[in-house]
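Construct the complete structure from the given sequences, taking the supplied hints into account.
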Amino acid sequence: MGERPNGEFSAERLHINILEQVLGSGGSSSLLHSYHRSFNGFVAKLTNDDAHKLANMEGIVSVFPNQMKQLHTTRSWDFMGFSKNVTRTNLESNIIIGMLDTGIWPESKSFNDEGFGPPPKKWKGICQGSSNFTCNNKIIGARYYKADKNFHPTDIRSPRDSEGHGSHTSSIAAGALVHKASLSGLASGLARGGVPSARIAVYKICWADGCSDADILAAFDDAIADGVDVISLSVGGSFAIDYFNDSIAIGAFHSMKNRILTSNSAGNSGPQLASITNVSPWSLSVAASTIDRKFFTEVKLGNGEIYKGTSINTVELKHNLYPLIYGGDAPNTKKGYDSSESRYCSEDSLDKALVKGKIVLCDSVNSGEGPLAAGAVGAIMQYYLDSAFNFPLPVSCLGSDDGTDVSTYLNTT
Numbered sequence: 035m036g037e038r039p040n041g042e043f044s045a046e047r048l049h050i051n052i053l054e055q056v057l058g059s060g061g062s063s064s065l066l067h068s069y070h071r072s073f074n075g076f077v078a079k080l081t082n083d084d085a086h087k088l089a090n091m092e093g094i095v096s097v098f099p100n101q102m103k104q105l106h107t108t109r110s111w112d113f114m115g116f117s118k119n120v121t122r123t124n125l126e127s128n129i130i131i132g133m134l135d136t137g138i139w140p141e142s143k144s145f146n147d148e149g150f151g152p153p154p155k156k157w158k159g160i161c162q163g164s165s166n167f168t169c170n171n172k173i174i175g176a177r178y179y180k181a182d183k184n185f186h187p188t189d190i191r192s193p194r195d196s197e198g199h200g201s202h203t204s205s206i207a208a209g210a211l212v213h214k215a216s217l218s219g220l221a222s223g224l225a226r227g228g229v230p231s232a233r234i235a236v237y238k239i240c241w242a243d244g245c246s247d248a249d250i251l252a253a254f255d256d257a258i259a260d261g262v263d264v265i266s267l268s269v270g271g272s273f274a275i276d277y278f279n280d281s282i283a284i285g286a287f288h289s290m291k292n293r294i295l296t297s298n299s300a301g302n303s304g305p306q307l308a309s310i311t312n313v314s315p316w317s318l319s320v321a322a323s324t325i326d327r328k329f330f331t332e333v334k335l336g337n338g339e340i341y342k343g344t345s346i347n348t349v350e351l352k353h354n355l356y357p358l359i360y361g362g363d364a365p366n367t368k369k370g371y372d373s374s375e376s377r378y379c380s381e382d383s384l385d386k387a388l389v390k391g392k393i394v395l396c397d398s399v400n401s402g403e404g405p406l407a408a409g410a411v412g413a414i415m416q417y418y419l420d421s422a423f424n425f426p427l428p429v430s431c432l433g434s435d436d437g438t439d440v441s442t443y444l445n446t447t
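Taking our numbering, the leading residue of the sequence shown gets 35, the next gets one more, and so forth.
Everything labelled a hint here was simulated from the structure, so no lab data went into it. Hints may contain errors.
Unchecked claim - Using C-beta positions, here's what the derived DEER-type ranges look like: (1) N302 - F150: 30 to 36 Å; (2) G391 - N171: 52 to 58 Å; (3) L66 - K352: 55 to 61 Å; (4) E403 - D363: 18 to 24 Å; (5) G244 - K352: 41 to 47 Å; (6) A85 - S222: 52 to 58 Å; (7) T446 - S222: 37 to 43 Å; (8) V320 - S96: 21 to 27 Å.
Stated by the list, open to error - Straight-line alpha carbon distances no greater than 30 Å define the calculated DSS-like cross-link-like pairs of lysine-lysine that follow: (9) K214 - K143; (10) K328 - K352; (11) K390 - K342; (12) K369 - K386.
Note that the coordinates shown come from a computational prediction; the quantities given were computed from them, not determined experimentally. Yeah, the Cβ is synthetic: ideal placement off N, Cα and C, and Gly gets one too.
Right under this line is the structure:
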């Protein structure tokens, strides 16, 4: 993607001329999209041989395939020391954050426009609305991109968020103050973004099948020209690649040339060598912070010992004590399972007659569907990572040492 030529020019005509030098009269039908608002480039259907010929032409910066990239809490800002009592200025309310993600859910309280005036005069974008999506003075612009036109049945063909990721990241960056926000009553608190008074411009680039390079570059092209002040995207590949072949690095470079900061996610992997996937020196790669709270679910045994496990439980057990059974002792032999399989409590592996009304001990974490279908009232799962999950029944995930203690208790009582 090169610089946009000075003065008036027809990007489509220019790009067709370039393609015709390789494809002849087929150049016009090969062109899929022209980038022209902020930089100069295009998307085209090419064979490998044609792409190689194009890459060797004078004036061509780079040629790379259109590949898919993937999408990489209320307490976070407090934990990192960002005060909630900050005097906001009118200047701050003119900051526009361009969110390149899965879209946004405009009805969320995080995006209420109460107290906001009209968008700043510098804004040149649009609201690509529909019957189910409208902008306001908080969400001042919205666009969506799908170059291949291949939509999944769950995709919403508008800037509306069908995945949840974009609404999440937008609320982290610029969400309004939402009091008593909670997860089904858990962790109630004040949810807020880093800059609650900032405006949001939405660029939906990610769908059920991921985020294509062609759509990422189209969003950068528009966001820069629309007048955003910051671009944020939590998207990346599986590993770092050459800048000339990286749509995010290219888009961020042109953003930088227009005095716009690109803040992108470092990646979803690690900790290990080379786990950061967005590495261009002209963008800000941001990792997730740790957090100073956990969701505990206690396990209290009949001998009085108490163990603190992790999980997100929104349902409490009706009684204080329940019988305990090891999954390996309750195989569903009628369906051909033995203890080597039922110990993991996978679906259909447990005998309902033995498990019903009891808490089942499992040797690994699972979805919880197996214990639930077998009639268990709860489950204790052994899990080596310090992470909390949501389950369809009460669950506590214990580390290997605590899990061994529970197993020993079960075998000796």
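Quiz item: Which of the listed hints are broken here?
Solution: Nothing - there is no hint that the structure violates, so all of them hold.
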